[in-house]
Amino acid sequence: MGSPDFSKSDSEDATQGVQRSETTEPALSTVAPYPTSTAEESPGGTFFSIPIGAFYDRLPELLLTPKKPDLSRLTYIAWEDVVSDADTKEVTILLSILSLSCPEIFARPIESTDDTSITFPLSQLRTEPSKDGFYPEIAAEGSAQTAGGDGGIEKAVTAAGVSPKAGVAAASNEIRVKLAPTLANLPPEIELFPPPTLRDPETEIALPIDLVKSQLKDGRVLIPASLLCAALPEDLKPTFGKIEPTAAIPIPLREIFRKLSSDAIELREDFALGYSLEIIRTPFTAQAEEDALRLATAPGSSMIPPSGSERESAPETGRVAAQIAQIAPGSNETSVGATKPTPDAITDIEFPAIFDSDALQALLMTEETLDLAKTIQKVSQLPGLRSCLLTTTQGTKLAGKLVGPIKETVISPVLPCLFQQLKSALGEARSLEGVTLYFDQDPISIILINELCLIVAHDNRPFRPGVREKLFSVVQELDNIRHAKQRF
Amino acid sequence: MPLINYANREIQFKIVYYGPALAGKTANLIYIHSRIGPAYRGDLVSLATSADRTLFFDLLPLHAEVLQGFKTKFQLFTVPGQVIYNSTRQLVLRNVDGVVFVADSQWDKMEENVVSFRNLEENLRAQGISLDEFPYVLAFNKRDLLDIAPTNYLEYLLNNRKRRVRRFESIAKTGVNVFAALDAVTQLLLRKFDTEHQGLRPSSAGR
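If you're matching them up, the sequences are chains A and B in order.
Residues in the first sequence are numbered consecutively from 1, following our numbering.
Residues in the second sequence are numbered consecutively from 1, following our numbering.
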């Protein structure tokens, strides 16, 4: 299990699910919609946020990663981990503790020999105002207090803010997960006496969604024990209060993904295919094809070979392919020695940066210079259409976005395969030009020309007159454009 | 860079199956071994512990004739997945031509997948190789299990780079997409070889 990463991606994160203390200045408390709490009420559950830039320059350079982080990004630190000085208006924290809050900026774990005190101005502790203005700057001038003193936590945000009581404003910033799986997966080093028992196995806890999202790229989500403790039902808090507040508690990913929307893990759009769709036969192609048939490889697995007829009619391309004289490795089940050197007709899906196509401009009734993204955007604006997505027949996204209840990431790898299987099953490839599927009230149509697949979400009615034809023409023209690029 | 022996008219490609512990790397090789005719393969050499954990590496040599007049050997290696064996992984990765990264699809293995993938990138970088230009494919293994992450999350973790590579949903123990992944990485190797060895013509290569 890696080090916890409690950093957040932007300043807005700091506003989520926070509570203000009782000693908050009157002007602020009047706009704070959440119940108040004090550090004494939730020991170990009190955090402040601070931009990494507030202390970055004070860190030993040797311990930092070469890549400079976004200095405006907020990180969370427990109040009890710092000592603040009201006279100097400074806060001091041990480097080893600080590194737990933002491990990603350090090149390696901080060892005891590296440890040192890091000091930064108290005025840097803050949360940014949220869009609705609930949480203005909290580190007002002259408000510094000693962390352990009476009211010294007034500038802190408390983790208890993620409690289900947090209110409507916090709801969109939270993700609620079942508590039971988290308790069942506590790290072995955390021993609880008495073992926690849930009155209701369906009990949920609310966690800051950005804290969760920011860790998804690491394949795990950890929260500090103090945050878990603050979010727990009251009857469990005493049991968890004994845990080291900075201990990392894993939240099972499957629980998170039960609630998380698919846009939390969107793939970047500025990608390039790292492979060519022009297939050349290798000594293993025959086995791969055989296995795909024998084992009925699932759609979307990136391995649906084109049909035999498509193979045989394909022009041979590539010098290596041309030199394949023999596919030598045999198979226990089939003889592959006679396999013909026939690469497939699938070609690179590459488009010019800018299209020089009067036909496409005419189709979309625009004089704008078009590129792939703009073209697909224009297509999605055709009457009756809601959104559209262009993929390859292997499900690789080329442009556009499918919005609505049907998850693009789920449907886009499946539909081209489904279409191809339908074509193959019908045995009349040319007669099948498009397919419309109905998901409740959300129809989706697929148009496939060669290796391009246009997936369109549209109104729950037939296409408006001319739209279907226009879609076909656009895909055909895109196919022409990318073939033209290949010729050059 | 494949080894080319002009005297023996032989080209040798090295493909490494990389990934976290117990992801199914050895299972891939076992399946491949079972499906290739004995005339075209050597023995599967496996250095494993009693608990079937790969200790050093597995090696499966395959022979073919891809380029006319040249005997082509594919050496398939696995690495030990356990984090502590990094020096072994670095050793096995030396002179690697392509990688099949075998990820474990189970939910609780996501972090191990990420750690292993970053480790691959690091180890390649130590050899002066950038993953962004290196031939590799992804195999999301164990798709037959129940408690698995969706492929879009695996893709988000392992394939969300500027260069997006081919990925396969595989079940190594039954062979689903095992050859497909091997075929795909081999295509990348041959294409790269083709680009880098324009001057190598089989007819004149024997001189």
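Check the hints yourself; a few may be wrong.
Unchecked claim - Here are the simulated DSSO-like cross-link-like pairs (lysine-lysine), alpha carbons at most 30 Å apart as the crow flies:
| id | chain 1 | residue 1 | chain 2 | residue 2 |
| --- | --- | --- | --- | --- |
| 1 | B | Lys73 | A | Lys397 |
| 2 | A | Lys217 | B | Lys173 |
| 3 | B | Lys73 | B | Lys173 |
| 4 | A | Lys178 | A | Lys213 |
| 5 | A | Lys407 | B | Lys162 |
| 6 | A | Lys178 | A | Lys407 |
| 7 | B | Lys192 | A | Lys259 |
| 8 | A | Lys401 | A | Lys259 |
| 9 | A | Lys68 | B | Lys173 |
| 10 | A | Lys259 | A | Lys213 |
| 11 | A | Lys237 | A | Lys213 |
| 12 | B | Lys162 | A | Lys378 |
| 13 | B | Lys71 | B | Lys192 |
| 14 | B | Lys162 | A | Lys401 |
| 15 | A | Lys89 | A | Lys178 |
| 16 | A | Lys407 | A | Lys217 |
| 17 | B | Lys162 | A | Lys67 |
| 18 | A | Lys470 | A | Lys378 |
| 19 | A | Lys397 | B | Lys162 |
| 20 | B | Lys73 | A | Lys374 |
| 21 | A | Lys217 | B | Lys162 |
| 22 | B | Lys73 | A | Lys213 |
If you're looking for bench data, these hints aren't it; they were derived computationally from the structure.
Here's how the hints hold up against the structure:
At roughly 35 Å between alpha-carbon atoms, Lys73/B and Lys397/A are farther apart than 30 Å, so this suggested pair is violated. For the hint pairing Lys217/A with Lys173/B, the CA-to-CA distance comes to about 28 Å; that is within 30 Å, so the pair holds. At most 30 Å may separate the alpha-carbon atoms for a hinted pair to count; Lys73/B and Lys173/B meet this at roughly 24 Å. At most 30 Å may separate the alpha-carbon atoms for a hinted pair to count; Lys178/A and Lys213/A meet this at roughly 17 Å.
Between Lys407/A and Lys162/B the alpha-carbon distance is near 22 Å, which keeps this suggested pair within the 30 Å criterion. Pair hint Lys178/A plus Lys407/A holds up; C-alpha atoms about 23 Å apart against a cutoff of 30 Å. Distance hint between Lys192/B and Lys259/A is unfulfilled; the C-alpha atoms sit about 43 Å from each other, more than 30 Å. Between the alpha carbons of Lys401/A and Lys259/A the distance comes to roughly 21 Å, so the proposed pair stays at or under 30 Å and holds.
Between Lys68/A and Lys173/B the alpha-carbon distance is near 44 Å, which puts this suggested pair outside the 30 Å criterion. Straight-line distance between C-alpha atoms of Lys259/A and Lys213/A comes to about 12 Å, which keeps the hinted pair within the 30 Å bound. Between the alpha carbons of Lys237/A and Lys213/A the distance comes to roughly 25 Å, so the proposed pair stays at or under 30 Å and holds. Among the hinted pairs, Lys162/B with Lys378/A is consistent with the structure: their alpha-carbon atoms are about 25 Å apart, no more than 30 Å.
For the hint pairing Lys71/B with Lys192/B, the CA-to-CA distance comes to about 18 Å; that is within 30 Å, so the pair holds. Proximity of Lys162/B to Lys401/A is assessed by CA-CA distance (about 18 Å); at most 30 Å being required, the pair is judged to hold. Restraint check: the Cα-Cα separation between Lys89/A and Lys178/A comes to about 41 Å, which exceeds 30 Å; the hinted pair is violated. The straight-line distance between the Cα atoms of Lys407/A and Lys217/A is roughly 19 Å, inside the 30 Å bound, and the hint therefore holds.
Restraint check for Lys162/B and Lys67/A: satisfied, since their Cα atoms lie roughly 18 Å apart, inside the 30 Å limit. Annotation: proposed proximity of Lys470/A to Lys378/A holds, straight-line Cα distance about 12 Å (limit 30 Å). For the hint pairing Lys397/A with Lys162/B, the CA-to-CA distance comes to about 13 Å; that is within 30 Å, so the pair holds. With a C-alpha separation of about 47 Å, the suggested pair Lys73/B and Lys374/A falls outside the 30 Å cut-off, and the hint is violated.
Among the hinted pairs, Lys217/A with Lys162/B is consistent with the structure: their alpha-carbon atoms are about 15 Å apart, no more than 30 Å. Using a Cα cut-off of 30 Å, the hinted pair Lys73/B and Lys213/A is violated, with the two alpha carbons roughly 45 Å apart.
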